[in-house]
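*Asks:* Got chain A; can you put chain B on it based on the hints?
Number of protein chains: 2
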Amino acid sequence: MSGFGFEVRSPEEAIEGIKHTVLVMSGKGGVGKTFITVNLASVLALKGYSVGIMDADIHGPSIPKMLGISGSRMYQGEIGITPVVGPLGMRVVSIDFLLPTSDTPVIWRGPLKSRMIKEFINNIEWGELDFLFVDLPPGTGDEPLSVVQELRKPSGAVIVTIPTEVSQIVVRKAVVFARQVKVPILGIVENMSGFTCPDTGKTYMIFGAGGGEAIAKAMNVPFLGSIPLDPRIAEASDKGVPFVVMWPDTPATKAITNIALKIAKKLGENAD
Amino acid sequence: MSGFGFEVRSPEEAIEGIKHTVLVMSGKGGVGKTFITVNLASVLALKGYSVGIMDADIHGPSIPKMLGISGSRMYQGEIGITPVVGPLGMRVVSIDFLLPTSDTPVIWRGPLKSRMIKEFINNIEWGELDFLFVDLPPGTGDEPLSVVQELRKPSGAVIVTIPTEVSQIVVRKAVVFARQVKVPILGIVENMSGFTCPDTGKTYMIFGAGGGEAIAKAMNVPFLGSIPLDPRIAEASDKGVPFVVMWPDTPATKAITNIALKIAKKLGENAD
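Protein chains in written order, with our numbering: chain A, 1 to 272; chain B, 1 to 272.
Bound conformation, chain A alone (with noise of 0.2 Å):
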């Protein structure tokens, strides 16, 4: 971990620059994560918002890959380490600027897992930012833990699901961890909500149908919208370019836009 000094500074010094922090999170892997993370920032920073990207995923870090910028490396400042800069001028701090391929795995149990997380609030130069968006591994442990400790008072939480049953119960674990750990819930978005065909026109629910409506119902929070599949997002993700910048027309960046200005709305800032 070169390049990290143990001079750490409050949390309060630290971000205090930030004006929204936002946690991405879901308690279930492989519901996109990252892909709304990534699209919620660069709609923001496209509307001339200053944003930053917190990739809180230690054993799987996929925002540098997703934005085009892995294999970047971070550096020691002054105070303390810069964080790259990505598309669009987010900043964006990962581990897997700090490991030696991207093939390496963090091999790592809980508390050096949390010291990392502390490093990545405290002692990153984030400088003034309007939103900080925090992309969360999946589960209620160590990293979740961490963040919501160091951030002391998260701006809010927006839960992301698909629409399978199996998906919602675990979805509505991270509804219960949001609420014991004092973090207000944004709303839940629900992503890979049915493939429309490009020849019929038809659409099929692969992974089936209305299971953020459902939990945002059943749980009481408010549902931010729907996202639905498109094969063009995970080419632009392997691509490494924001999905909004690439396809700009498509019901995928409508649902995102509406759903990042919602979350902007709620916390105060006038957003359209």
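Any given hint might turn out to be false.
Copies of the same chain look alike in the list, so a pair counts if it works inside one copy or between any two.
To be verified - Mimicking DSBU-like on lysine-lysine, the simulated pairs with C-alpha atoms at most 30 Å apart in a straight line are:
1. 217 / 239
2. 202 / 254
3. 47 / 153
4. 19 / 118
5. 239 / 202
6. 202 / 217
Keep in mind the hints are simulated off the structure, nothing from the lab.
*Replies:* Frame of chain A, contents of chain B only:
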């Protein structure tokens, strides 16, 4: 954790009746590890083998829901805890059987999770089993490390991916992890490989194409096969019936059956 005593047997005694232990892992969440675990186990149970499943996902236990036995309870027997008996006589252990409700999040840091895994191996009355499948959570942290340490020499690992490049990066970490902890890699399974539209017969590569084979080749590990997307998979999983039981004559069932038989053969069984 009522019912969990502290007279822990030696790991050797606890698992001496288990012939083969197979870890299903990925590094990445949401690639279908649980679906694959349940259905590989079901194929071998249908062939007459005695099979157990250990759900090592402490934060997001989904095995019970997928087997239709959520809400069951485990009890203290004479020697240790008795697993729940699920479909096809499979013996199942999951933290879900110890939680007051399915919404309850397990907000635990690493050391407690490791303790639980240790109990799941040493203090369970597994009895005689041909195969024990272990469904690991995403990542290369406490849970997989503890499973590997407690099982001493697992027979092998099945590594699951989906076709996208972003997934591949994380899954490659799982391959390196398995090598570092000296677990033989049985091979790679690619899940969600294309959706064949039932109306046109045309296949859409919703998550890209060929990722599993590409990793297998690049990392020099066997490729076990691909499983196509099928809306009936989510449906069967939500209903709690193993897909291979509910839909025996489908391309997905054929693919899973082939993979299960390859695994059994690699472990020295005369399965067909």
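*Asks:* So, against the hints stated earlier in the document, which numbers end up violated here?
*Replies:* Those not satisfied: there are none.
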